[in-house]
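J.: Protein sequence lines, in the order shown, are assigned to chains A and B. In terms of numbering that gives the first Met the number 0, the first sequence is residues 0 to 477. In terms of numbering that gives the first Met the number 0, the second sequence is residues 0 to 99.
Don't take each hint at face value.
[Claimed, not checked] Derived list of chain B stretches under chain A, where covered just means 3 residues or more per stretch with a C-beta under 8 Å from a C-beta of chain A: (1) 2 to 15; (2) 19 to 30; (3) 33 to 42; (4) 54 to 68.
[Said to hold, decoys possible] DEER-style ranges, computed between Cβ atoms: (5) Val-59/B <-> Ile-285/A: 55 to 61 Å; (6) Gln-279/A <-> Thr-49/B: 21 to 27 Å; (7) Pro-236/A <-> Asp-20/B: 53 to 59 Å; (8) Asp-20/B <-> Ala-313/A: 22 to 28 Å; (9) Ala-47/B <-> Glu-239/A: 41 to 47 Å; (10) Ala-67/B <-> Ala-242/A: 41 to 47 Å; (11) Arg-14/A <-> Thr-49/B: 48 to 54 Å; (12) Thr-19/B <-> Ala-313/A: 31 to 37 Å; (13) Gly-131/A <-> Thr-19/B: 23 to 29 Å; (14) Gly-131/A <-> Ala-67/B: 52 to 58 Å; (15) Glu-239/A <-> Tyr-87/B: 44 to 50 Å.
[Said to hold, decoys possible] Just some of the chain B residues that point at chain A, by a computed CB distance under 7 Å: (16) Leu-71; (17) Trp-82; (18) Leu-92.
Don't read these hints as lab results, they were simulated from the structure. All C-beta atoms, glycine included, are put in the ideal place defined by N, C-alpha and C.
Next come the chains, spelled out residue by residue.
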Amino acid sequence: MSAVKNIVDAVRTGRVTAKRVVERTEELLRTTAAKGLNAALEWSPEYLGREASRVASRGSRGALAAVPVAVKDNIATLDLPTTCASRILDGYISPFEATAVKRLRDAGAFAACKANMDEFAMGSSTEYSAFGRVLHPEFPDRVPGGSSGGSAALVAAGVVPVALGSETGGSVRQPASFCGVVGLKPTYGRVSRHGLVSFGSSLDCISIFGQSVDDTARVLHVISGHDPLDATSADLPPAEIRAPRTDLKGITLGLPDEYFPADLHPGVKAALDGAIAAAQVLGATIKRVSLTHAKYTVPTYYIVNPAEAAANLARYDGVRYGKRDGGSQVDLRGLYRASRGTGFGPEVRRRILVGTYVLSAGYADAYYHQAMKMRTLIHRDFTDAFDGGVDFLLTPTTPTPAFKAGEKTDDPVTMYLADIFVAGASLAGLPAISIPAGRDEGLPIGMQLIGPAMSEPAMLAVSAAFESALDARKEVRG
Amino acid sequence: MSISREEVLHVAKLAELQVTDAEAKALAGQLDGIVRFVDQLRGAEVPAGTPEFTVGPARVTLREDAVAPIPLDRSPERMAPDWQDGFYVVPRLAHQEGES
């Protein structure tokens, strides 16, 4: 199944016009908005009308001709606001376009809408948006995951075949798992960060949601490749699209003991048991491995992430752009503090404070520098596994299926632990993908593959074999 | 360890973030929980000489050492909260002695 290929082929053969694809997208956005999903933030009939003319004028040219893409609201677009779902950037329109968005548009695609998210991408449930929480598309009392919950929900609801999200520590794979779609975090440096609003600069990656592995691979091919506007982008050509594998002969999959705890949710365990059995039938070799520093992943992540966030978000000061508050204050500091104090929501404020704390005099060695050394050890665990003959690690994406709204917002640490299986690849800068692996009591469950740096083409080909072998709608516990 | 309300207010000052006394009390509890959680890292065994992690390509491609205008689609004036005659307007930074 490839929704992207279907659209491109239909436009190319004249079965559907590009204008009709844009009109259909508008209808779907309206229907979804009426249901109260709250997944799309900015779009308008006038904007889509302009895009319809632009896309129609291109005809069927481009690898993604007339493909609608939802774009997370922390990725810069010229014709729609980029607010990061924050009051401090309410209505802000970027003066430049993200390289990933430019490449999508150059390939014939169009940005259907900006997608709702946790404010500044801080969260695991999309409950921390300043513009209201996003509902899970199938279970409205549950969360779609986060922080790219709007993008995930729009793909899962069939509004768009693909969407851009961003990952700092699992913010695409975790919602992909909760919503039953594919979510790929590329290797750090594979996709340009130019135009992605900075949060954790050593962790941030523009990432992709797709209704299928093929959809995801087609978007990665278009948006990847070196970009002189991002000094950390790898000097490599775009990621090639390989033919999907029909078997897994010659592939060794590592199962890290630490990712299969005794108290793993029974539905998640059953889904992973099914995935492992399918891999064996397809001819893969299964090998148990140990990532000995995995227990430090979440604490390391929640030191590095707030530290980088505190530094990056210092730029929101109410002077050059964004919200200004405290106009009656007599001094500049008062203006800074009032603008930031009222412009940022609760989780962003918490992370700025934690980040400032762990970087402050007397604590930086104990926390930040210790975390950066632990990051080296976590990365080494992964590379040791790959050097030991493992092609990809196979793990659960999340410890549980989608949880209920409000269940974790009162306890930040409990919310942070939702990232336990996804933060490691982010800390190590490695590519990882979540693929639907079945359902438990109707709730989607994802399996994760983690691979060596720049292994996306092979990882996607292997993912396609899992996609074919597993029935994503099947109840994993009978 | 325990994070006090006063520590929250001190860190908020460093972060240029307005936090009221009432908010500081609630934040002290939340931050205390987070710091206690990440504190487990302090006891972790890290071999001497372990370098701090650097991410990304081993070599970065530097652009040409030349100054070029940054192409912006919109002028800073259109984004600034307050702008006058080509300048960002901010509250006065200092007062002269004797001036009101």
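J.: Hints first: check each against the structure and report whether it holds.
T.: Hint check:
no. : hint                               : verdict
1   : 2 to 15                            : holds (count 8)
2   : 19 to 30                           : holds (count 3)
3   : 33 to 42                           : holds (count 8)
4   : 54 to 68                           : holds (count 8)
5   : Val-59/B <-> Ile-285/A: 55 to 61 Å : 38 Å, violated
6   : Gln-279/A <-> Thr-49/B: 21 to 27 Å : 37 Å, violated
7   : Pro-236/A <-> Asp-20/B: 53 to 59 Å : 57 Å, holds
8   : Asp-20/B <-> Ala-313/A: 22 to 28 Å : 24 Å, holds
9   : Ala-47/B <-> Glu-239/A: 41 to 47 Å : 42 Å, holds
10  : Ala-67/B <-> Ala-242/A: 41 to 47 Å : 42 Å, holds
11  : Arg-14/A <-> Thr-49/B: 48 to 54 Å  : 59 Å, violated
12  : Thr-19/B <-> Ala-313/A: 31 to 37 Å : 21 Å, violated
13  : Gly-131/A <-> Thr-19/B: 23 to 29 Å : 24 Å, holds
14  : Gly-131/A <-> Ala-67/B: 52 to 58 Å : 42 Å, violated
15  : Glu-239/A <-> Tyr-87/B: 44 to 50 Å : 46 Å, holds
16  : Leu-71                             : 4 Å, holds
17  : Trp-82                             : 10 Å, violated
18  : Leu-92                             : 6 Å, holds
Of the hints listed earlier, those the structure fails to meet are numbers 5, 6, 11, 12, 14 and 17, in rising order.
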